[in-house]
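Student: Given chain A, work out where chain B should sit, using these hints.
Protein chains: 2
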Amino acid sequence: MKIKYNLKKKDGKARYGVLDTNYGSFETPMFMPVGTKATVKSLTPDELKDMKCGIVLANTYHLWLRPGPEIINRCGGLHKFMNYDGPILTDSGGFQVFSLAKNKEKDITEEGVHFKSHIDGKDLFLTPEESIHIQNLLDSDIAMSFDECPPFPVTYDYMKKSVDRTLRWAARGKAVHSNPNQSLFGIVQGGEFEDLREYSCKETVKMDFDGYSIGGTSVGEDKDTMYKMIDYGVRYLPEDKVRYLMGVGDPIDILEGVERGIDIFDCVLPTRIARHGQAFTRTGKINFNNAKYKEDLGPVEEGCDCYTCRNYSRAYIRHLITTDEMLGGRLLSIHNIRYLVKLVEEIREAIKNDSFIEYKEEFIKKYDNKEKKQ
Amino acid sequence: MKIKYNLKKKDGKARYGVLDTNYGSFETPMFMPVGTKATVKSLTPDELKDMKCGIVLANTYHLWLRPGPEIINRCGGLHKFMNYDGPILTDSGGFQVFSLAKNKEKDITEEGVHFKSHIDGKDLFLTPEESIHIQNLLDSDIAMSFDECPPFPVTYDYMKKSVDRTLRWAARGKAVHSNPNQSLFGIVQGGEFEDLREYSCKETVKMDFDGYSIGGTSVGEDKDTMYKMIDYGVRYLPEDKVRYLMGVGDPIDILEGVERGIDIFDCVLPTRIARHGQAFTRTGKINFNNAKYKEDLGPVEEGCDCYTCRNYSRAYIRHLITTDEMLGGRLLSIHNIRYLVKLVEEIREAIKNDSFIEYKEEFIKKYDNKEKKQ
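Chains A and B are the protein sequences, given in the same order.
First residue of the first sequence: 1, per this note's numbering; consecutive thereafter.
First residue of the second sequence: 1001, per this note's numbering; consecutive thereafter.
Just so you know, the hints here were simulated from the structure itself, not pulled from any lab data.
A quick note: this is a predicted structure, and the numbers were derived from the prediction, not measured.
Not one of these hints is a red herring.
Computed cross-link-like contacts, DSS-like style, restricted to lysine-lysine with a CA-CA straight-line distance of at most 25 Å: (1) A:80 with B:1294; (2) A:4 with A:206; (3) B:1360 with B:1223; (4) B:1292 with A:122; (5) B:1049 with A:49; (6) B:1223 with B:1285; (7) B:1004 with B:1049; (8) A:228 with A:9; (9) B:1080 with A:294; (10) A:294 with B:1122; (11) B:1080 with A:292; (12) A:228 with A:360; (13) A:122 with B:1294; (14) B:1342 with B:1013; (15) A:292 with B:1122; (16) A:223 with A:13; (17) A:80 with B:1292; (18) A:206 with A:174.
Just chain A, with the same shape it has in the complex (with noise of 0.2 Å):
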């Protein structure tokens, strides 16, 4: 079966929605944590479901080059092979191949990308097919078409050729793609550029794909820029068709997408930031190596409803993250995430209630963005 989005309500832009997969439905606007190699670091399945999230993702790069996708297939695909039984979205491969890889060793042609391993410097090709290939056997919910994912800033010109190149492989990922049970989104590219974003949308929506990504995102350009990126991308993707903006996970940002018509987020951001000693609150990111928390026996963040801050005191996060504790990482991690899935659940009630921008804008008012201020 097919993925299903059922717009539920509409508030300006934003929407509330069910999107129903195989692996059960869950609400949208919703945050996706990255589960790389098929485990979102230090976290189980378990820790997930009681986080409320909706959707894993899974990076096809990472899980070609280990296991492989024929062992994981051979293990019954990623859910029973991770053990989780519930949604999960696979990417191409195309941004770790484009990101990873240094400049000088990648080489694409129309047929593929030819470029080195990151761990071992073997030569590798991925090309369209071989992409849906691997995420057929990888069994995810979701597939992403593979893509061309160009740096900021570049030419015009080179983004006119890329949109088009980009639709030439989405077409044949299309064509090749062959798990009934796998839906696959399409990939609105175009870069900062009005009308190769309009173009890549509408000739990426005429190929009917079960649903559609805005990518090209967090690659270097300043927040108002992506911003327009997201106008641009989402203003002729069809209504009934669930949308998720690829690699973005902060809390003003996820604001501004759900704002622009965005359903899905992902980001590494809040495990990443987690293993460094930092963790959301409603006011900013706080980090850990700072003594002032020594003796600080409140929670992460008070009235927070994650395992972390039900359990655990601040200078106890402090002692385990100065100590390189493994510990410290994991019980960030599960705030971290568990913040981002509550953003979006405050998110949908203030969609239900025709209350978004104004709980948007009493979010940003607390809410001390450092990453701006830099």
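Tutor: Then chain B, alone, in the frame of chain A:
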């Protein structure tokens, strides 16, 4: 309140008992996992309870350096600090002082030991009084006397002097011990010398501690010598006090210890080998770096009741271990600790049924202890 040991049943010298503490009672023999820095690496206290761990060890030396006993005390003591409401034992710091500091970097005097911090090389001085003072502040249920833990082998003369100093240190520590809710153990030393073990044992018992440890094992001696040390050390201990063999947690060694009258064991082995991809099974240790597990859909060990074996395949564990994913060490730590706790559960049943020796021989027949062969 001090701990109270209730001897319930003997089978030869093997003892089945119950230890009452301020944080609940547990049955002995018991295996105690090591939570070096107030955390059993990667695991939560909830998980330790799920595994039926009766008691947890924390290291005084490590907590003295970071975060410092005053901070833990002001945070309400170790139980509150690490959110664990079961019994906690702290060691004296002696073992770490003698094992982490290089020979030339420590100076043993009658007053105490001068040595350098393994973190920043800072000059440190630990005395029997300071060790007890730190443990009083940590507020563990059981504190250990500060002893000298000589390497193996040393001369008879050195060991004789060391035993006498350890006795004087034990008396000094006992004199300043001031936490009414904390019990204090004496430590029997004397190396492989029968008369020194007897002397150390009798003199330590005269001081009337709340329990007794056998020290100076697992410091380089062969297995037969270790078993002799236990025999010699236990012989003159009172039946109505609990006995703890420090730093021993190999399955065969636990069986040999129980046979000789030991009640409590601790060791970093189950968590350390887990992080290196090894798991205990009834037929010996297995290593998940071995390619033969790459498509193995069975649990780590058939019939094991641990969370890991109930939920994950060998293929997935191998993937996590070979890709350095933290969840791999976490899941194997759960299995390995549960394995040893299950072992002592079965040992207790065997003692109750007067079948300990049969149980032990049956276990050893199946268990291929590769360490012995090396």
